[in-house]
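Protein chains: 2
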Amino acid sequence: MHLLKILALVAMACSACACSGRAAAAGAEAPEKQLALPSSGIMKVAFVVSDRATLIDIAGPMQVFDQVQSPGTTGFQTYTVSETRQPIKAGTLTIVPDYTFADAPDPDIVVVGAQTGRSEPYLNFIRGMTARGKLMLSVCTGAAKFADAGILDGLPATSHHDYIDGFAKTYPKIGWLRDRSYVHSAPMIYTAGGETSGIELALHITELYFDHDIAVKTARYMEYRGPAWQK
Amino acid sequence: MHLLKILALVAMACSACACSGRAAAAGAEAPEKQLALPSSGIMKVAFVVSDRATLIDIAGPMQVFDQVQSPGTTGFQTYTVSETRQPIKAGTLTIVPDYTFADAPDPDIVVVGAQTGRSEPYLNFIRGMTARGKLMLSVCTGAAKFADAGILDGLPATSHHDYIDGFAKTYPKIGWLRDRSYVHSAPMIYTAGGETSGIELALHITELYFDHDIAVKTARYMEYRGPAWQK
Numbered sequence: 004m005h006l007l008k009i010l011a012l013v014a015m016a017c018s019a020c021a022c023s024g025r026a027a028a029a030g031a032e033a034p035e036k037q038l039a040l041p042s043s044g045i046m047k048v049a050f051v052v053s054d055r056a057t058l059i060d061i062a063g064p065m066q067v068f069d070q071v072q073s074p075g076t077t078g079f080q081t082y083t084v085s086e087t088r089q090p091i092k093a094g095t096l097t098i099v100p101d102y103t104f105a106d107a108p109d110p111d112i113v114v115v116g117a118q119t120g121r122s123e124p125y126l127n128f129i130r131g132m133t134a135r136g137k138l139m140l141s142v143c144t145g146a147a148k149f150a151d152a153g154i155l156d157g158l159p160a161t162s163h164h165d166y167i168d169g170f171a172k173t174y175p176k177i178g179w180l181r182d183r184s185y186v187h188s189a190p191m192i193y194t195a196g197g198e199t200s201g202i203e204l205a206l207h208i209t210e211l212y213f214d215h216d217i218a219v220k221t222a223r224y225m226e227y228r229g230p231a232w233q234k
Numbered sequence: 004m005h006l007l008k009i010l011a012l013v014a015m016a017c018s019a020c021a022c023s024g025r026a027a028a029a030g031a032e033a034p035e036k037q038l039a040l041p042s043s044g045i046m047k048v049a050f051v052v053s054d055r056a057t058l059i060d061i062a063g064p065m066q067v068f069d070q071v072q073s074p075g076t077t078g079f080q081t082y083t084v085s086e087t088r089q090p091i092k093a094g095t096l097t098i099v100p101d102y103t104f105a106d107a108p109d110p111d112i113v114v115v116g117a118q119t120g121r122s123e124p125y126l127n128f129i130r131g132m133t134a135r136g137k138l139m140l141s142v143c144t145g146a147a148k149f150a151d152a153g154i155l156d157g158l159p160a161t162s163h164h165d166y167i168d169g170f171a172k173t174y175p176k177i178g179w180l181r182d183r184s185y186v187h188s189a190p191m192i193y194t195a196g197g198e199t200s201g202i203e204l205a206l207h208i209t210e211l212y213f214d215h216d217i218a219v220k221t222a223r224y225m226e227y228r229g230p231a232w233q234k
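Those protein sequences? They're chains A and B, same order as listed. Under the working numbering, the first residue of the first sequence carries the number 4, and numbering increases by one thereafter. Under the working numbering, the first residue of the second sequence carries the number 4, and numbering increases by one thereafter.
Just so you know, the hints here were simulated from the structure itself, not pulled from any lab data. In this text, a Cβ means the ideal position worked out from N, Cα and C, and glycines have one as well. Keep in mind that the hints are not guaranteed to be accurate.
What the hints assert, rightly or not - Stretch-level coverage of chain B by chain A, calculated; a stretch enters the list once three of its residues show a Cβ under 8 Å from a Cβ in chain A: (1) 60-70; (2) 76-86; (3) 194-200.
Can you make the complete structure from the sequences, with help from the hints?
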């Protein structure tokens, strides 16, 4: 076989498994397992919000969690957390954060979407929650907040497709993966792709806390037709 | 052919076209045409919000309109309108409305999602905007607001799948259609199904103001994989 053809086939195979040299260097995705419900049966979900947030990064997963079709009194309890309670803009919506980093209820899950905010209190919140074993979810360029906090070094991750190339240069220790709705970056860290990929990740998290049928029922209730999380 | 078999085939045909006796009585869907851009090239979109709003009904279409991949300076300008500027709850988010019905910029498009609110000023806003030929879009049970305002009588419409049966009893003059992402109820009225069906409708409206390629680019930018609007 001609050498160029062999090289082309190798390149195709690499593209097909959506891996890259960097990703391989950063390690494979963490093996998945069911997530355990807390004794209350309610997972508290803190959505970190700061100015110029991308609305759907918050609203997509929040809608999934708020309407999970789970049995009895089990489910998710969502709220917003920010550095202050000053109103912030999410798209054109003006949102008043529910809590500050200082007074927010202790969450089980932390969600960070695309937004401004890179202060030490902001990054320390992410670092602290990660260190305490909370389930950390980024959506879209929220992955850059995780990267800035240093919690993705040596791990595979994804983000909005338009930002992967830039992030590969800015954060070379992270194995950026393309064309993925979400990546299981570490046992308790998931990074989602852009915008509505956050819906995909939230449905997948629903599946891990409950089961596939409950995730399907939740997607159907929302009339959500996206198939990627049902891989 | 046996009479029962003929009847079964007729029933199947009726089911296949997703029509009902009521729908037929209420008239067929309005023929579609491209929508004309205003001279500014910017369509102003007023999202009516009131307490206990379903978040994704607002956030889904707003994200589509805010990020439309349209040429030059053309696009949509979104804002929220309510009876007062008092904060309202959309899911667990606390939102401060941008304008009141009295002082809002004159919109080209009005979007109404699931929410409380049935006051005379509220319904009069819907009636007035319809009478002035604005493009009226309902999402989810926002269709009940249109019904309460009397703008759907004698027309086909859709809503969230869990509410269609109840609405058929409450609003018998409307031809409720099932299993639809959206219905073209009248030349300037569209009704969407539940929740993320609003994303489908907004992408379709994008297609009508611009073209299919721009709607596809917008969906891709959002990493939205739902196929229904691409029928």
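Checked hints:
1. 60-70: The restraint on the region 60-70 of chain B holds, since 6 of its residues have a Cβ under 8 Å from chain A and three suffice.
2. 76-86: holds (count 3)
3. 194-200: Answer holds; 5 residues pass the 8 Å Cβ test.
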